[in-house]
Structures are given as C-alpha cells and as structure tokens.
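Q: The primary structure of each chain is shown beneath.
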Amino acid sequence: MYLLDEKKEKVISEFKEKYPDGYDMLVEILNELSAADLNKFAEVVQYEVEREKMKR
Amino acid sequence: MRKKEKVIAEFKERYPSDYNDLIAIVYGMPNKDLDKLVEVVRYMVEKEKSRVKKSDISQVSRLDEIREDHYYLYPSHAESEALIFAGSDILELQEFGKDLAACAIAHAAFISGMLIQKYHPEYAHKILHEGVWDLPDRSVDQALMEAAVQEFKERFHVIEYGSEVHNFLCELVVQE
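These protein sequence lines are chains A and B, in that order.
Going letter by letter, the first sequence gives residues 1 to 56 in my numbering.
Going letter by letter, the second sequence gives residues 57 to 232 in my numbering.
Because the hints were derived from the structure by calculation, they are not lab data.
Do not rely on the hints blindly, as some may be mistaken.
[What the hints assert, rightly or not] Once the Cα atoms are required to be at most 25 Å apart in a straight line, the calculated PhoX-like pairs of lysine-lysine come out as:
1) B:Lys-103 to A:Lys-55
2) A:Lys-18 to B:Lys-88
3) B:Lys-92 to B:Lys-103
4) A:Lys-40 to A:Lys-53
5) A:Lys-40 to A:Lys-8
6) B:Lys-105 to A:Lys-53
Note that this is a predicted model, so its numbers are computed, not measured.
With these hints in hand, go ahead and build the complete structure from the sequences.
A: Below, the structure is given as structure tokens:
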C-alpha cells in the first residue's frame with residue numbers, strides 16, 4: 001500500500017516538475033469540482049487524451 | 057451521442073472554464089506524455105477524494121437531508137419496512153462510498169447507527185466505544201444486523217473525532 005502511494009506521489013511530482021503550469025491548473029480544477037464530479041473529470045481527461053491522440 | 061462525447065459535453069457545460077483549461081493542457085503536451093497526464097489526473101483525483109472525505113463530513117447541513125431521507129427509520133413506521141429500506145440503502149451506500157463521496161460516510165453511519173439503536177440500544181454504547189460485537193439471537197434478521205454493525209464500524213472510525221457529525225452520531229447511538 002505504502003509503496004503504491006510512493007509510486008503515485010513520484011508520478012505526480014515528476015509531472016509537476018515537468019509541467020508546473022499544467023499541474024497548477026489541474027490543482028485549481030480539482031479544487032473547484034464537487035466530490036461527485038471528481039471521477040467524471042478523470043474520465044473526461046482520458047477521453048480528451050484519446051481524442052487528441054487520434055487527431056495527431 | 058456516444059457515451060464519451062456525452063460525458064465530455066456534460067462536463068463542458070457544467071465547468072466551461074475548467075474544460076478550456078484542460079484542453080489547453082492537453083494541446084500543450086507532447087504525445088508521449090499524454091498517457092502520463094491521464095495517470096497523474098487519476099492519482100490526483102484519488103488524493104483529492106480522500107482529502108474531501110474528511111472536510112465534507114463536517115458539514116452538518118447534510119444531516120438535515122439525511123434525517124429527511126431516512127424518516128422511515130423512526131419508530132412510528134413499520135419495523136419490517138425500515139429494515140428492508142435500511143438494508144438496501146446500506147448496500148447502495150457501499151457502492152457510493154467506493155466513489156468516496158464524503159457525505160456517504162456520515163450517511164451510512166447514520167443509517168447503521170439508527171438500525172443498531174433501534175434494535176439493540178443496549179449494545180450501542182459498547183459498539184461505539186469498544187467496537188466489540190457479539191449479537192444475541194433476536195427476531196431481526198441477523199445477517200442484516202451484522203452488516204449494519206460492520207458498516208457502522210467501518211464508517212464511523214473515519215469521521216473526525218469531536219466534529220459535529222461525530223457528536224451527532226454519538227448522541228444518536230449512545231443511550232446509557
């Protein structure tokens with residue numbers, strides 16, 4: 001469990017380091033969402049990424 | 057409309073500015089990092105949900121809704137009906153709880169607490185403070201009661217000690 005959490009923290013901090021603006025924007029978005037919409041947001045991100053990959 | 061497009065459209069309508077920010081992030085990211093973005097968001101959402109869990113449950117306003125939603129648990133209503141409804145609610149809330157919706161924790165604790173209080177008030181204090189449970193044989197459905205007790209114990213311990221929700225549940229369940 002702890003190892004898994006460490007891995008997740010590492011992934012997040014690497015992203016934060018590489019895309020500080022993007023990370024800040026994500027934090028802002030997550031702060032605004034209701035608890036019920038958090039999963040929805042993760043789903044939207046996944047779908048948008050899929051769409052973007054197909055477009056490129 | 058396909059499911060994915062519908063999900064996106066609903067989100068866009070509800071959070072237009074956040075949606076635009078997200079698109080800006082996605083556009084500005086090279087292909088190789090797009091999957092990383094999905095992973096990061098998933099982890100950040102998990103973190104956010106666990107953070108929200110503790111703050112939301114202190115919102116006492118939710119308790120009024122909870123009380124109204126579960127009026128049928130009060131003694132003036134048929135006991136069998138109360139048990140059936142409470143049992144199904146507990147199961148539904150388990151599903152809801154997996155989404156870590158914070159109010160569900162207080163909600164589930166409330167329902168289970170009511171159930172325990174109603175059928176086994178003499179044990180409520182013991183359950184609450186010692187977490188010990190050895191159900192005597194009663195006319196109520198044993199499996200349902202055990203599920204309710206388990207549910208209550210699991211939910212109750214994550215509620216912040218001394219918070220208004222915590223105090224409310226203590227008052228509700230404890231009868232000495």
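Q: Can the restraint linking Lys-40 (chain A) and Lys-53 (chain A) be considered satisfied, given a maximum Cα separation of 25 Å?
A: Status holds; Cα separation ~20 Å.
Q: Please verify whether Lys-18 (chain A) and Lys-88 (chain B) have alpha carbons no more than 25 Å apart.
A: Distance ~13 Å between Lys-18 (chain A) and Lys-88 (chain B) Cα, so the pair holds.
Q: Please work out if Lys-103 (chain B) and Lys-55 (chain A) have their alpha carbons no farther apart than 25 Å.
A: violated, 31 Å
Q: Does the structure keep Lys-105 (chain B) and Lys-53 (chain A) at a Cα separation of 25 Å or less?
A: Since the Cα atoms of Lys-105 (chain B) and Lys-53 (chain A) sit roughly 28 Å apart, the hinted pair is violated (cutoff 25 Å).
Q: Starting from Lys-40 (chain A), check that the Cα of Lys-8 (chain A) is at most 25 Å away, please.
A: Judged against 25 Å, a Cα distance of about 20 Å means the pair holds.
Q: CA of Lys-92 (chain B) to CA of Lys-103 (chain B), is that 25 Å or under?
A: holds, 16 Å
The structure fails hints 1 and 6 (numbered hints given earlier, in ascending order).
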